[in-house]
Amino acid sequence: MPFLEHDRGRAYYRHWAAAHPRAAIIFLHGFGEHTGLYHRYGFALNAAGIDLWAVDQFGHGLSPGDRGDFGTIEDSSALAESLTALAQEEHEIPLLAQGHSFGSVVTLFRLLENPQRYRAAIVSGAPLVPVPELLDSDTSMNLDPAWLSSDPFYVDSLLNDPLAFVDADGAALARELDRAWDRFGSELPSLAVPTLAVHGTNDPIAPIGAVRAYAEQIEALQLAEFPGARHDVLNDAEHREVATAIVDFVDRVLD
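Under UniProt numbering, the first residue of the sequence shown carries the number 1, and numbering increases by one thereafter.
Honestly, the hints are just simulated from the structure, not real lab data.
Just so it is clear, the structure is predicted and the values come from calculations on it, not from any experiment.
Ideal Cβ placement from N, Cα and C applies to all residues, glycine included.
Just to be clear, a hint being listed does not mean it is correct.
Said to hold, decoys possible - Distance windows between CB atoms, simulated:
{"id": "1", "residue 1": "Asp-255", "residue 2": "Gln-88", "range": "33 to 43 angstroms"}
{"id": "2", "residue 1": "Val-129", "residue 2": "Glu-92", "range": "32 to 42 angstroms"}
{"id": "3", "residue 1": "Glu-92", "residue 2": "Asp-167", "range": "36 to 46 angstroms"}
{"id": "4", "residue 1": "Gly-9", "residue 2": "Pro-162", "range": "27 to 37 angstroms"}
{"id": "5", "residue 1": "Arg-183", "residue 2": "Pro-152", "range": "35 to 45 angstroms"}
Could you build all of it, start to finish, from the sequences and the hints given here?
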């Protein structure tokens, strides 16, 4: 099994390889997820000639750690950097960064800190402003799967996959998101890397309004809205349309 070495332990990763790749995406998932939930997204990218590299973040999937505890933004960023180095060794092709939910927060940190690292980026379900549920003194999280997706295949995975979950202590997550929200207000408007935000209009966890507002003021940030889609937009009923929008974005970036 493939693992990335880190001070916190060995993190499991997956690589969906296209036959003749023209670009590679480095992906960080969100809370309660793991890389095994993204097979059909990986196959959709492969069909368009795009490699997908993804890692089970700490506290998730086959990687070590307390359930739901990503560690710090820097821990997740280090995993993304190690995965990026592997992708570079595999092929000399353009690299894009991608993150979903908390993974999108880490991705945006990486873009702000090193804007030359990636050709472009994609974020989804990005919580760019405070989430009320994470500001409560009770840090336990118990998400309703219906908030995440209307796709029955994916919801079944969340409920029955032993590596997926919708409940955990959210104290560590709240701590790191609070750091991000403090930074985004002052620094996110300086984002210079071409970035596509894909977001459901019916996302109750990270409402789309904040992403719309940032997209209006940041030239590098484009927003693709998906009517009715929920938080896990990459795995919602509209997942084919979302994948198509991402492939179209990659095409424009490569051109």
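Each hint tested on the structure:
At about 22 angstroms, the beta-carbon gap between Asp-255 and Gln-88 misses the expected band of 33 to 43 angstroms. In this structure the supplied range 32 to 42 angstroms holds for Val-129 paired with Glu-92, their Cβ-Cβ distance being about 38 angstroms. For the pair Glu-92 and Asp-167, the supplied restraint of 36 to 46 angstroms holds, since their beta-carbon distance comes to about 43 angstroms. The hint said 27 to 37 angstroms for the Cβ distance between Gly-9 and Pro-162, and at roughly 19 angstroms that hint is violated.
The hinted window of 35 to 45 angstroms between Arg-183 and Pro-152 holds, with their beta carbons roughly 38 angstroms apart.
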